[in-house]
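There are 2 protein chains.
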Amino acid sequence: MARHNNRHYAIGVFDSGLGGLTVVKELVRLLPHEDIVYFGDTARVPYGTKSKESIIRFSKENVGLLLKHKVKMIVLACNTSSSLALDVLKRTYGIPLIGVINPGAQKAVLVTKNKRIGVVATSATIYSQAYPKRIRELDRSIKVIAQACPLFVPLAEEGWFNKKVTEDIARTYLKNMIKNRIDALILGCTHYPLLKPVLRKVMGKKVFLVDSAEVVANEVKKRLVREDKLNPTHKKGYYKFLVSDRPQHFQELAKRFLGFDIKNVLRV
Amino acid sequence: MARHNNRHYAIGVFDSGLGGLTVVKELVRLLPHEDIVYFGDTARVPYGTKSKESIIRFSKENVGLLLKHKVKMIVLACNTSSSLALDVLKRTYGIPLIGVINPGAQKAVLVTKNKRIGVVATSATIYSQAYPKRIRELDRSIKVIAQACPLFVPLAEEGWFNKKVTEDIARTYLKNMIKNRIDALILGCTHYPLLKPVLRKVMGKKVFLVDSAEVVANEVKKRLVREDKLNPTHKKGYYKFLVSDRPQHFQELAKRFLGFDIKNVLRV
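Keeping their order, the protein sequence lines are chains A and D.
If you count the first sequence from 1, position 194 lands on 194 in the numbering used here, and the numbers rise without skipping.
If you count the second sequence from 1, position 109 lands on 109 in the numbering used here, and the numbers rise without skipping.
The following block holds chain A by itself, in its conformation from the complex (with noise of 0.2 Å):
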């Protein structure tokens, strides 16, 4: 049973900073017994206005940085990393790696009915092109709007969730997607959940807003549960926060994008 021996480890995730805590909110809704280690690189944060060869580096050390933590899976919550380094991961590691975007690709897919999809992302993930080019591999006949939003990320971090120039600006980004009917949107940026209210207010409810966080979290689950790896304790998890920057920055943001409180973040 060699295979199993490595259950009652951690999952791994990674981001560039914050925003992979909202698939770690996700992670422990959905799997509550799995212990989880997450690193936030908040020392070279933000990675979406970077080159592919500083993401692939950078991607590159944050993985052996969560190998030597005992982890069974490793998910980049990232759609930067996961659209520019994730194939160069795989074939370098023999850990198994998810991606947020191919789940997220396929959720719009598997909704979208007149196919017609949008994406909103950083400019990096956007100029990768990795979610039109992940659909169309699904279905050739849809439709991709794609669109960066670099403001996005500070409003969500500012904490505007409410304010009236954060819809004004949603509605300058999202234009064309009206324009155009889409009826998925895929938030490719783990901040953009936070964001949600306010895209669902200017897109209207008809569209189905895809959550990179929510989708995640499913496929790390079928993964665990397809290749026999779930924690098989009863005990609620615990969770090992390590970031590249001062923790005291992280630990003050945390809640808003965890939805509790946390201690213990280390700086390595």
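Read the hints as simulated data drawn from the structure, not as lab findings.
A couple of the hints might just be wrong.
It does not matter which identical chain is meant; a pair holds if it fits inside one copy or across any two.
Stated by the list, open to error - Heads up, simulated EDC-like pairs for lysine to aspartate or glutamate below, C-alpha to C-alpha not over 20 Å straight-line: (1) Lys179 x Asp168; (2) Lys175 x Glu158; (3) Lys206 x Asp183; (4) Lys52 x Glu252; (5) Lys113 x Glu137; (6) Lys201 x Glu137; (7) Lys263 x Glu252; (8) Lys235 x Glu158.
Please arrange chain D on chain A, whose structure you already have, making use of the hints.
Frame of chain A, contents of chain D only:
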């Protein structure tokens, strides 16, 4: 005359990214015969959200890099570095180092009549209290109102100078400044000169806008004159641009900051 043998050397300038190009623009205008070597740490941008230890480490590495390029003076064209690292750098290196805080604070103290000065900057610069501290050293009776404006940098990089949302966001951030009837506003981030028209509109014509880029260029000129280090050539200066991430993005956006196109951006 050994102390003069580096007159022909360049002025070194570094910033976390693109913003310092507003300083280069002013240097080019004021000192057309000087050579300039600029380093933008685009792989680690922004500095404004990171810890003091990280900023000091990054800044030392940046100075080390510029010292390999025959420079006679180094300008920290980054408010965050100037706030958190200048003192340490001065103790570590023999070369003249000029930050943006002191020139900005001096100018504001000079122009204020009602002794109420406002400062807008990144979170790290505001948190460091660098401007209020320096202003109070110059004149203890001055009241300083400080405000972090995390959305200004992405707004400037989006090029949304004339959009209504930009004005709305500026009104939100500056509300307290207006209420406190400041008569001088320090633009404490090298990106902010791009937002001058909207800041002027929101604050009104009676408030003096202290532009870091202008005041630091004046300080560089004064210092070069005082130390007899002006380049004696009559040729136009030569400009070299170094970055730590993909040159393409930097090159594309540079014109917005500099007012002229650049080529030969090198990745180091």
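Consistency of the hints with the structure:
Taking the closest pair of Cα atoms, lysine 179 and aspartate 168 come within 20 Å of each other only inside a single copy of the chain (16 Å); across copies the shortest separation is 25 Å, beyond that limit. In this assembly of identical chains, lysine 175 and glutamate 158 lie within 20 Å of each other by CA distance solely across copies; the values are 16 Å between and 23 Å within a copy. Taking the shortest alpha-carbon separations for lysine 206 and aspartate 183, only the intra-copy value of 7 Å comes in at or below 20 Å, while the best inter-copy value is 50 Å. Only between protomers do lysine 52 and glutamate 252 lie at most 20 Å apart by alpha-carbon distance; the minimum there is 17 Å, versus 30 Å within a single protomer.
Taking identical chains as interchangeable, the C-alpha atoms of lysine 113 and glutamate 137 lie at most 20 Å apart only when both belong to the same chain, with a minimum of 17 Å there against 66 Å between chains. When the C-alpha separation of lysine 201 and glutamate 137 is checked against a cutoff of 20 Å, the pair qualifies neither within a copy, at 31 Å, nor between copies, at 50 Å. Taking the closest pair of Cα atoms, lysine 263 and glutamate 252 come within 20 Å of each other only inside a single copy of the chain (10 Å); across copies the shortest separation is 42 Å, beyond that limit. For a Cα distance limit of 20 Å, the shortest separation of lysine 235 from glutamate 158 qualifies neither inside one copy, at 35 Å, nor across copies, at 48 Å.
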